[in-house]
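There are 2 protein chains.
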Amino acid sequence: MLVDVDNRKKARAGRPRGFDAEEALEQALIVFWRQGYEGATLTDLTEAMGITRTSMYAAFGNKEELFRRAVDRYTEGPGAYVARALEEPTARAVAAALLNGAVRATTRPGYPTGCLGVQGALATGAPGRRAHDVLTAWRNYGGSCVADRFRRAVAEGDLPPGTDPDRLARYLTSVSYGISVQAASGIGRDDLQQVADTMLLNWPPATFA
Amino acid sequence: MLVDVDNRKKARAGRPRGFDAEEALEQALIVFWRQGYEGATLTDLTEAMGITRTSMYAAFGNKEELFRRAVDRYTEGPGAYVARALEEPTARAVAAALLNGAVRATTRPGYPTGCLGVQGALATGAPGRRAHDVLTAWRNYGGSCVADRFRRAVAEGDLPPGTDPDRLARYLTSVSYGISVQAASGIGRDDLQQVADTMLLNWPPATFA
DNA sequence: GTGGTACCGTACCGATCGGTACTGAACTGG
DNA sequence: CCAGTTCAGTACCGATCGGTACGGTACCAC
Chain A
0 MLVDVDNRKK ARAGRPRGFD AEEALEQALI VFWRQGYEGA TLTDLTEAMG ITRTSMYAAF
60 GNKEELFRRA VDRYTEGPGA YVARALEEPT ARAVAAALLN GAVRATTRPG YPTGCLGVQG
120 ALATGAPGRR AHDVLTAWRN YGGSCVADRF RRAVAEGDLP PGTDPDRLAR YLTSVSYGIS
180 VQAASGIGRD DLQQVADTML LNWPPATFA
Chain B
0 MLVDVDNRKK ARAGRPRGFD AEEALEQALI VFWRQGYEGA TLTDLTEAMG ITRTSMYAAF
60 GNKEELFRRA VDRYTEGPGA YVARALEEPT ARAVAAALLN GAVRATTRPG YPTGCLGVQG
120 ALATGAPGRR AHDVLTAWRN YGGSCVADRF RRAVAEGDLP PGTDPDRLAR YLTSVSYGIS
180 VQAASGIGRD DLQQVADTML LNWPPATFA
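Read top to bottom, the protein sequences are chains A and B.
For the first sequence, counting from 1, position 132 maps to 131 in numbering that gives the first Met the number 0; every step adds exactly one.
For the second sequence, counting from 1, position 198 maps to 197 in numbering that gives the first Met the number 0; every step adds exactly one.
One should not assume that every hint holds.
To be verified - Sample of chain B residues lacking proximity to chain A, with all beta carbon distances greater than 12 Å (derived): (1) PRO15; (2) ASP19; (3) SER54; (4) ARG107; (5) ASP165.
To be verified - Just some of the chain B residues that point at chain A, by a computed CB distance under 10 Å: (6) VAL30; (7) LEU85; (8) THR135; (9) ALA136; (10) CYS144; (11) GLN181; (12) SER184; (13) ILE186; (14) ASP190.
Honestly, the hints are just simulated from the structure, not real lab data.
Virtual Cβ for every residue (Gly too), placed ideally from N, Cα, C.
Using the sequences and the hints, build the whole thing.
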């Protein structure tokens with residue numbers, strides 16, 4: 000496969016693509032989000048994307064690659080609150096942004112409830128193993144970023160000395176994932192916000208060894 | 000279909016069943032647990048159960064019914080800690096039993112990681128909708144039982160007056176579901192126990208307003 | 001024994017799975 | 001214009017999906 004080094008506006012030879020790949024990916028993302036990797040069939044996906052199977056395979060490779068691309072888009076779109084949260088100036092603000100962001104992202108009107116990173120491929124058969132691994136890595140990477148952020152907070156005196164940043168990060172992300180599961184169960188935004196608020200009211204939690 | 004009113008030891012006419020239905024159900028439970036409803040094929044299930052498709056359909060009806068039976072067995076087996084937790088004498092003991100039970104059940108050696116009730120059918124396509132609904136109801140029922148237990152605790156003065164039992168239950172179950180997701184991500188038992196311990200160290204959480 | 005009944009295994013069902021070969025059509029560079 | 005390239009739609013691929021028809025077998029009541 001030739002690498003398209005110059006992928007700017009310069010028109011390539013041949014018939015130009017007849018659909019917006021980003022918009023199509025957005026629709027695929029929504030299907031994966033609502034139905035999970037295994038529950039989303041090629042027919043479901045391409046119908047939502049408004050293109051044929053052939054066009055999908057030409058543009059994205061295969062179902063697995065499409066899923067990967069959808070996860071990337073999710074990370075930069077509905078899941079972007081995570082990266083933004085990590086840039087907050089204090090550990091408390093990080094926790095608040097993460098929890099409030101989770102509540103909003105998992106109950107966004109017009110979008111599926113819950114979190115793609117949680118429900119996209121939590122338990123799968125053999126054909127979905129790759130997707131499962133992708134999301135497991137996605138979750139664990141996110142958790143490690145939070146841990147790193149808290150490590151810095153401890154070093155900066157922003158968190159009590161002796162705080163275990165890994166433990167605190169795991170606790171925080173657990174609540175975040177719990178919110179996602181509750182959202183997928185149909186719990187409303189206000190009730191989930193109470194969960195987030197409850198955690199923030201008790202922040203930072205005692206964690207003495 | 001005739002209802003088998005007298006299903007006790009009295010031998011029915013015809014050739015007796017050549018396998019242990021309970022043991023077969025246990026194996027099916029494990030497959031559903033690890034692969035989810037949609038990810039578990041009839042071939043996966045029957046091979047694990049050690050019986051043919053015909054025997055499975057004769058004994059359990061169809062895949063959906065088998066899943067329901069597996070969920071029931073899960074509730075009475077690995078998930079029995081929930082019912083036991085609700086019988087603890089204090090709200091704190093309830094929370095401790097629930098969290099410790101979740102940690103142990105989701106990281107049981109020889110069993111799949113995570114919780115069947117969470118990962119069995121969190122996001123599905125149309126064919127898995129029933130399974131999805133079954134587990135959503137399962138989770139919400141469990142949550143309502145915890146809320147009822149906390150309502151009693153408030154009435155008994157076991158929790159601070161003004162405590163919102165629904166809110167507290169949602170918070171607790173969220174952490175429990177979060178533990179399940181983390182377990183499915185491969186987080187080990189010790190690390191998950193820290194999550195449970197962290198919550199218990201901060202119990203009961205402040206929930207004013 | 002004999003008839004009736006339920007279990008078991010094979011072999012198969014239509015439908016759908018993810019993925020592709022092939023045929024034109026639409027465009028660019030020369 | 002023409003040659004070369006890429007896109008799109010149809011029609012199809014083998015494999016597998018959940019589910020079943022059917023014939024043989026093992027057991028019970030009588």
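Here is what the structure says about each hint:
1. PRO15: holds (33 Å)
2. ASP19: holds (25 Å)
3. SER54: holds (22 Å)
4. ARG107: holds (15 Å)
5. ASP165: Its Cβ does come within 12 Å of chain A, the nearest being 8 Å, so this is violated.
6. VAL30: Result: holds, 9 Å to nearest chain A Cβ.
7. LEU85: The hint is violated - B:LEU85 has no Cβ within 10 Å of chain A, the shortest such distance being about 19 Å.
8. THR135: For B:THR135, the interface hint holds, since the closest Cβ of chain A sits about 5 Å away, which is under 10 Å.
9. ALA136: Because about 9 Å separates B:ALA136 from the closest Cβ in chain A, which is inside the 10 Å limit, the hint holds.
10. CYS144: violated (14 Å)
11. GLN181: With Cβ-Cβ at 6 Å, under 10 Å, it holds.
12. SER184: Result: holds, 5 Å to nearest chain A Cβ.
13. ILE186: Hint holds; B:ILE186 Cβ to chain A Cβ min 7 Å, cut 10 Å.
14. ASP190: holds (6 Å)
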